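Visitor: The primary structure of each chain is shown beneath.
Number of protein chains: 2
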Amino acid sequence: MTKINKQVQLEQQPEGKPTEKDFRIVETEVSSPKDGEFLAKNLFLSLDPYMRGAIAGKHMGHTRLNQGDLIGGRCVSEVIESNNSTYKVGDRIVIESGWQEYVLSSGQKEHGIRIINSSKASLSASLGVLGMPGLTSWAGVECLSKPTLGETFVVTAAAGPVGGTAGQLAKLKGAHVVGVAGSKEKCSIAVNHYGFDACVNYNDPNWLENLSKECPRGIDLYFDNVGGLVLDQISDQLNLYGRIILCGFVSQYNNKEWHGHNLGKYVGKRANLLSVVVYDYYDRFEEFLNVAIPLVESEKLKYKEDKVVGIDLAPKHFSKLMSGENVGKALVEF
Amino acid sequence: MTKINKQVQLEQQPEGKPTEKDFRIVETEVSSPKDGEFLAKNLFLSLDPYMRGAIAGKHMGHTRLNQGDLIGGRCVSEVIESNNSTYKVGDRIVIESGWQEYVLSSGQKEHGIRIINSSKASLSASLGVLGMPGLTSWAGVECLSKPTLGETFVVTAAAGPVGGTAGQLAKLKGAHVVGVAGSKEKCSIAVNHYGFDACVNYNDPNWLENLSKECPRGIDLYFDNVGGLVLDQISDQLNLYGRIILCGFVSQYNNKEWHGHNLGKYVGKRANLLSVVVYDYYDRFEEFLNVAIPLVESEKLKYKEDKVVGIDLAPKHFSKLMSGENVGKALVEF
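Line order of the protein sequences matches chains A and B. Count along the first sequence from 1, then add 1283; that gives the number in my numbering. Count along the second sequence from 1, then add 1283; that gives the number in my numbering.
Be aware that one or more of the hints could be misleading.
Each pair may be met inside one copy or between any two copies, as identical chains are not told apart.
Said to hold, decoys possible - Only pairs whose alpha carbons sit at most 20 Å apart, straight line, appear in this in silico PhoX-like list of lysine-lysine: (1) Lys1548 - Lys1341; (2) Lys1341 - Lys1429; (3) Lys1392 - Lys1300; (4) Lys1552 - Lys1341; (5) Lys1403 - Lys1496; (6) Lys1467 - Lys1289; (7) Lys1548 - Lys1456; (8) Lys1467 - Lys1371; (9) Lys1454 - Lys1304; (10) Lys1289 - Lys1587; (11) Lys1583 - Lys1324.
Keep in mind that the hints were calculated from the coordinates and are not lab data. This structure is a prediction, so every number in the text was calculated from the model and none was measured.
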């Protein structure tokens, strides 16, 4: 039996910050699964900054979308009909579904399907702290930069799922953790909810002085989620031989021309620039979850969600995310 | 007894590439050493790309020079009069002397004096392969990036003292070594004299294709002496998780505005960017020489010099160096 499947398609390529006008909501139909297929109902859709580049074909592994193309994205979903031996009715999965209510899948690898481990964490956490953003943080902190006792760790987009998790992991490893975020509210979450030592609001004109005060021994590690001028400015406070983890460029995704960095500054700091690309760590998801699930269940690792209900609100919520106005992991609940 | 001491002073700050007009030759006098001082006669002056930034006050630890200031630089010198118990008449030293014929010194630490170890190498080698450039190469190769068997190592300014030594050290450690240089003559030196596996002339319009052919397994390490666009272009051929050693920016020193790098490219490559600042390794000079002197004496580590005779020729020779027209270590012999 076919079902009505509301989905979000591209109306036009966004110029600068995406707005609701760049998207359109369309009712399509989804049919019952054939042999080897299953049908899942999406419960939560994850909205992430990388999508801005993906739509424009500038994010690794993504081709530029045309008018009418389904917007890509991961969902937490429940299998509701199945002719596939691996995925059974009732299974909760994470799947590369796109922005829509249902997903019909052959279970092939390119759909990036992962059955959600049973845990006390909320289902939606599998799109945040226990999902791709959490894995990103773990890769950058635990696998690449390895902050340790007494080191000062600074992270931008501190209230977000990557920054917030990275800072908490660094704190659990004994570092002095200072966040940077774009509002008082976000800073309050970083300090009072995530337990950072401090958080600096970069919309305060004195933010660099404030950062310096919160990092009296300089910065040993900088986990960068924003790129651009802020990366240059924070790196001015890096200690010699400090590590910089290049993770995201949210300050640049809406720009045609990206900020150009004079690498002479980084040589002066003898900086070690490392890059985290989360896709390289998908084969270590279980290893990550073995660490992260107990931490989430014992509330040593906290998360914050910014949810709206209904697929119709996805474009507006994404626009808010790309303007830096969301607070916590951006999600659409169905 | 006072001596006539010809020296090179700044006439005016160079605009772009330095020319002879930016310098002036002046005869000054140098007096006999007082208590605790010694007088040394310079035998060789080293000309190095960093001097371009030093004159402009843009190189670390250097203040901008004014008209009439002595141009800074290191010399191999012989002590000819001494009232200092550490430095005796006949001692051969490397000293931060400046571009002049004699240097009067109190032997203080800031003069960076080093007595030259007796070896079969030429005295002038203490300004090149066995001096600051050699130490730079060793730091970048042996201490920081550690190329190993089967890895592909690319180095720019391949005929120069830093690039040439770095490539040879990487080759001795089992890497496949490909140089990049600005002329056929330079490439011939890299291959036939230094023993690189190949060298590509970047003034050939097909140089990037040629580089790709010479690096059939991609590039694992890129030792960058030039910066700018070439750094971006060579990095396009970097293997995932490759190392880039940022060592010099000779393509940029003459520019007012430096090339801006989009770091997104480097994240796509998961590049590990490392910086070598030779001043951090001066306390390991003996360790370096213990490796390098036997290699030079046994001709496993070769060098090439580009010498002129007479201090009057220093400005012209420096201008040639900063135009990329010199071949090998630029020196002035007195």
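Visitor: If a hint holds in the structure, say so; if it doesn't, say that too.
Guide: Checked hints:
no.	hint	in the structure
1	Lys1548 - Lys1341	between (27 Å within a copy, 11 Å between copies)
2	Lys1341 - Lys1429	neither (29 Å within a copy, 33 Å between copies)
3	Lys1392 - Lys1300	neither (32 Å within a copy, 56 Å between copies)
4	Lys1552 - Lys1341	between (30 Å within a copy, 14 Å between copies)
5	Lys1403 - Lys1496	neither (39 Å within a copy, 55 Å between copies)
6	Lys1467 - Lys1289	neither (37 Å within a copy, 64 Å between copies)
7	Lys1548 - Lys1456	neither (29 Å within a copy, 31 Å between copies)
8	Lys1467 - Lys1371	neither (45 Å within a copy, 66 Å between copies)
9	Lys1454 - Lys1304	neither (41 Å within a copy, 58 Å between copies)
10	Lys1289 - Lys1587	neither (27 Å within a copy, 71 Å between copies)
11	Lys1583 - Lys1324	neither (31 Å within a copy, 68 Å between copies)
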